[in-house]
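Engineer: In case you want the letters, here they are:
Number of protein chains: 2
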Amino acid sequence: MKLFESELKVVNIGLESFMQGFSDSGVKAVQAQFKPPLSAETALFVKTARYAARIDAANKKALARVLEAKPALVGMGIALDVIPGMKKDLILHAGPPITWDRMCGPMRGAVIGALMYEGMAKDFREAEKLAASGKIKYEPCHEHNAVGPMAGIISASMPVFIVKNEAAGNYAYATQNEGLGKVLRYGAYSPEVIERLKWMESVMYPALKTAIEFLGRIDLKTMVAQALHMGDEVHNRNRAGTSLFYRAIAPAVIRTARDPETAAKVLDFINGNDHFFLNLSMALSKASLDAGRGVKDSSLVVVMARNGTDFGVQLSGTGGKWFTGPAPIPDALYFPGYTKADANPDIGDSAITETNGLGGFATAAAPAIVQFVGGTSADALTYTLTMYEITVGENNMYKIPSLDFRGTPTGIDVIKAAKKGILPFIDTGVAHKNAGVGQVGAGVLSAPPEPFAKAFEYFARNLK
Amino acid sequence: MKLFESELKVVNIGLESFMQGFSDSGVKAVQAQFKPPLSAETALFVKTARYAARIDAANKKALARVLEAKPALVGMGIALDVIPGMKKDLILHAGPPITWDRMCGPMRGAVIGALMYEGMAKDFREAEKLAASGKIKYEPCHEHNAVGPMAGIISASMPVFIVKNEAAGNYAYATQNEGLGKVLRYGAYSPEVIERLKWMESVMYPALKTAIEFLGRIDLKTMVAQALHMGDEVHNRNRAGTSLFYRAIAPAVIRTARDPETAAKVLDFINGNDHFFLNLSMALSKASLDAGRGVKDSSLVVVMARNGTDFGVQLSGTGGKWFTGPAPIPDALYFPGYTKADANPDIGDSAITETNGLGGFATAAAPAIVQFVGGTSADALTYTLTMYEITVGENNMYKIPSLDFRGTPTGIDVIKAAKKGILPFIDTGVAHKNAGVGQVGAGVLSAPPEPFAKAFEYFARNLK
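Chain order of the listed sequences is A and B. Letter by letter, the first sequence follows residues 1 to 464 of the working numbering. Letter by letter, the second sequence follows residues 1 to 464 of the working numbering.
Chain A on its own, in the form it takes in the complex (with noise of 0.2 Å):
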């Protein structure tokens, strides 16, 4: 009887709707913060804390070579030249493999505008009947040490920045950013798209290559640690990592354009995208992780991807493996005209600035892209402080301000995140789903719990 005399104080697990009810009846409660695991196979949770102490050592090795990595910008090329395995008839694109008949709207339209641009078809009906002809191979950016943004496609002829982590020798490669409204990565192949590309291919691409050549080299990640002091996550926010790249190429392009308006028109290019940083923030990251894969033992996420269809994941001790998942719909910020319904799931191969302790893991370096969906700076504090939660350790270079210069959460361990059922939180661009529109927004979004939970299981299962 004494228990139905004394005050009730409630703490409630679970469903944080029933709190209503407590406060209308005037009860005390607590909410607990409790996630439950990702994967139900309790025993997998058991046989991994066996074998705590390797999969630790193997992790914190995995990331050493994450955190020593040095990638700098060493050149450009054209794609066909310097990707490997690169070939005339392929076509690279974001996140996991997928086959036309599953790709989405916005990858669809990339595809059929990278066949205009190559020239393989002269209209939007040619190219929907060659791209689905089986004359064209589909692969994953990610298999060929490359990473693309939003449908991340990747032609033959397409200029590439070659990145090169000049600690471990591996190489990354990313294309020239497009600049925002009406772009391929985000499906759009009218002529204007087209258009745009071939300048940046005749024109935009020399100019940068001579003056790539002309300094030798650009370390990226001191630029990239900078940027973290200037307000950027240099994912969905590269203004300060455009600004210091503009800075240290503009008067190399200067030095070796073939004329002043070629170069004046080239920095105008740059300085009218606040994103052209991305690509290289992307490729950065890519040439980092790459050197932190092949580690026996460990959980490291390397890779999280998304194709606009599946979200994808690989770990450093799993190899080549994907574990995917559907991928899910951001909630964004949508452009005048546009709402969720008009959203494509989530796409393209931005989320390893994620994977390296940038984007959404450094949030609270960057409260505006918070703000941007109605966040405070205090939930851009709380997105980075959780992600500790899940990281196998602090960024050595990566800092953020407001937290004391803090090193960024790095390293996902995939088997803490389904343990804790805690997803990794991603900062996103938002592609119409239809091929041919393109932006319709830019918000944030917690990863799918599958990809994780069938990459843990599959881990602990073949631990041995």
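If you're looking for bench data, these hints aren't it; they were derived computationally from the structure. Mixed in with the good hints, there may be bad ones.
As the list claims (entries may be wrong) - One-sided excerpt, in silico: chain A residues whose CB lies under 8 Å from chain B:
no. : residue
1   : Ala240
2   : Arg255
3   : Ala368
4   : Leu403
We put the beta carbon where it would ideally sit given N, CA and C, even for glycine.
Since the structure of chain A is provided, determine the placement of chain B on it from the hints.
Structural biologist: Chain B alone, transformed into the frame defined by chain A:
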């Protein structure tokens, strides 16, 4: 008796050292954050309270003019040609008026350098003699619509930026920033200093002048607003401002420079000097605050400036009158080999940024500034939050991401400062106290009480 039997709970007002005794003897005590008023003339506080409504209205009016200012870079010219009242035998300096015999070492060094730069003296000895001869006149930059960092020396043939407040039509002038190391503004006058100034006059100035003419105008207000979102407070940290200015001007420099190599050299110079934007943020602040001058009954501070000997203040409602007191020596991070014993008292017109709600008032936007002298990001927030205590309003353009984009505290009310005993917080560079040495550190300080006490008392006494 009851009083002595009950538990002791102490509120300690005044000396914080008393707190130790309480905690040693286990007595609960809190420290009241009480600061005595700056003035002992209690009757004057009563008087300003009686006039509160009128003063409030005047301060709102003055601040509105400051906030409505639209400072844009509209051109460049030679000081003699463009600065009102400039003459060949006149040297403008930072801070309130001062004679040669009272000038500090670094200001004397800069005057000596300027006389050699002008070709009026061939060496140090000749220059020093001329400087003290009475043939050279000295007047504050501030009395000629100009501002100068540190020694703030402007001589007749120096090129200056022309900043126009497009709302009120008034102008402000500032020299081009020389960079760090041995530079005139820190009192250095060696041949390398004079050579650099000559290059800035003969190469950089024509290139920038032509580029600005080509562009028509450069909106500085938006640039500062952006820079605050990018980790600058545009006083001791100007990396973002410099980057944004560089991006804006580079294509125009290329299109108009006499040859590509000149364009590249000019951009190299700006790229090599993260403080290049400082002189522009100062001129922007001067152009904004001058618009708030001359409002009857306004206790708004429109100038804080130091000549390295005196710290001077002017108010909107008290015309051109200076209120001065000894300039303090800043707490600083000293460069290797130097200590506070080498430091000159605070110097420069750059506190015009704080007067405009930037610099020390915006440290929350730039925690790196505070960390530099051993503080934390929490300290950076506290400095900004404290300044809201003594300001008339919040900025409508300059906003702080980590405070959910709250406007910076803007427009010091000398009555609030005097009543609450809270002094403006200022970021600063530190010059060696001897002529010819240069910078020895950078740091932070609170403005000294005397100028504010005098300004308050004069203002209050003359209210009628």
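Engineer: Give a verdict on every hint.
Structural biologist: Hint check results:
1. Because the closest C-beta pair between Ala240 of chain A and chain B is about 5 Å apart, less than 8 Å, the hint holds.
2. Checking Arg255 of chain A against chain B: minimum C-beta separation of about 5 Å stays under 8 Å; hint holds.
3. Taken as an interface hint, Ala368 of chain A checks out: its beta carbon lies about 6 Å from the nearest beta carbon of chain B, inside 8 Å.
4. With a cut of 8 Å, the hint placing Leu403 of chain A at the interface with chain B holds, because the nearest CB-to-CB distance is about 7 Å.
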